[in-house]
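Engineer: Top line first, the protein sequences correspond to chains A and B.
Just so we're aligned, residue 1 is where the first sequence starts under my numbering, counting upward by one.
Just so we're aligned, residue 1 is where the second sequence starts under my numbering, counting upward by one.
Think of the hints as simulated: they come from the structure by calculation, not from any bench.
Given the structure is predicted, the values throughout are model-derived calculations rather than measurements.
Where is the CB? At the ideal position from N, CA and C, for every residue including glycine.
One thing to keep in mind: the hints can contain errors.
As the list claims (entries may be wrong) - With a straight-line Cα cutoff of 25 Å, these simulated SDA-like cross-link-like pairs (lysine to any residue) come out:
| no. | chain 1 | residue 1 | chain 2 | residue 2 |
| --- | --- | --- | --- | --- |
| 1 | B | K68 | B | W83 |
| 2 | A | K41 | B | E20 |
| 3 | B | K101 | A | Q29 |
| 4 | B | K101 | A | A2 |
| 5 | B | K49 | A | P110 |
| 6 | B | K49 | A | T17 |
| 7 | B | K101 | A | F39 |
| 8 | B | K101 | A | S54 |
| 9 | B | K101 | A | L46 |
| 10 | B | K61 | A | Q42 |
| 11 | B | K49 | A | F28 |
| 12 | A | K41 | B | Q42 |
| 13 | B | K101 | A | M45 |
| 14 | A | K41 | B | K61 |
Claimed, not checked - Derived list of chain A stretches under chain B, where covered just means 3 residues or more per stretch with a C-beta under 8 Å from a C-beta of chain B:
| no. | stretch |
| --- | --- |
| 15 | 67–79 |
| 16 | 108–115 |
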Amino acid sequence: GAVVSQHPSRVICKSGTSVKIECRSLDFQATTMFWYRQFPKQSLMLMATSNEGSKATYEQGVEKDKFLINHASLTLSTLTVTSAHPEDSSFYICSATAGGGSYNEQFFGPGTRLTVL
Amino acid sequence: AQSVTQPDIHITVSEGASLELRCNYSYGATPYLFWYVQSPGQGLQLLLKYFSGDTLVQGIKGFEAEFKRSQSSFNLRKPSVHWSDAAEYFCAVGAYGATNKLIFGTGTLLAVQP
C-alpha cells in the first residue's frame, strides 16, 4: 500500500514552454501533498505544500507564479512549471500523506526529471 | 530553526564491512526522525523512522538507527554492507503540527567496493 506515482518520469521541453507534472496517490486519499526539487548531488528542497481544495503554501524563495500547484482531488496534485528556463532543469519529487494522525508519514513518488533546452 | 546535518558527503566501504552514517539534528523538542535511501534517478524509500519509545530502531534491509537525545544524533548502521546498498542516504527530521514538513540533510553518498 501507500503508493505514489508521478508522470511523466522524464520530460524535455524548450525554453519558454510550460510543463505539467502529475502526482497521484494510487491506494490512499492524500490530504496533503508536497513538492520537492532536487539538484544534482544535492538534497531535497521543499517547494510547496498543498492541501486538497485549497491554495498551496510556498516556501520562501519559491515563485508561486512560476510553479503552479493544483491539488484538485484527494488523489491528484499537479505542478506546472510555467515559461520554463534551463535553470528550472531539475529532479522534481512529490510526496503525499494520508492525514488523521499526530504525524503523517510522507510517501514519495519516483520523481520527474525535467530538462529545459 | 530545525536543521539536519550529515557530516559525511561521501563514504566508501568494502562489501561485508560494517557501516555507520552520521546524522545530527537541531530541534526544539523530541523530533520525528527518518532515514531514506535514494538510488540514482529514483524517488526516496523509507528505511526506518523514530517517533518515540525504544531508541534503537530496526528498519528494512538490515539497517538500524539509534536515537541519542544527549548527542542530538540519529546514526544509521548496518553490520555487513552489500553491494546493492550503494546509494544516497538522507536523514530527515519531521516538524510537529499540521504542516508535517520534512527537513532533509544534505545526504551521504555510499559507495561499496568489492
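Engineer: Look at each hint and say if it fits the structure.
Structural biologist: Taking the hints in turn, this is what the structure says about them:
1. K68(B) - W83(B): violated, 29 Å
2. K41(A) - E20(B): Holds. K41(A) to E20(B) sits at ~20 Å (cutoff 25 Å).
3. K101(B) - Q29(A): Cα-Cα ~18 Å, so holds.
4. K101(B) - A2(A): Between K101(B) and A2(A) the Cα gap is close to 18 Å, so the pair holds against 25 Å.
5. K49(B) - P110(A): Holds, at roughly 20 Å.
6. K49(B) - T17(A): violated, 40 Å
7. K101(B) - F39(A): Given that 25 Å is the threshold and the Cα spacing comes to 19 Å, the pair holds.
8. K101(B) - S54(A): holds, 17 Å
9. K101(B) - L46(A): Holds, at about 8 Å.
10. K61(B) - Q42(A): holds, 24 Å
11. K49(B) - F28(A): holds, 21 Å
12. K41(A) - Q42(B): holds, 13 Å
13. K101(B) - M45(A): Judged against 25 Å, a Cα distance of about 11 Å means the pair holds.
14. K41(A) - K61(B): holds, 23 Å
15. 67–79: That given contact is violated, which follows from only 0 residues of the stretch 67–79 of chain A lying within Cβ reach (below 8 Å) of chain B.
16. 108–115: holds (count 5)
Hint check: violations occur at hints 1, 6, 15; the rest are consistent with the structure.
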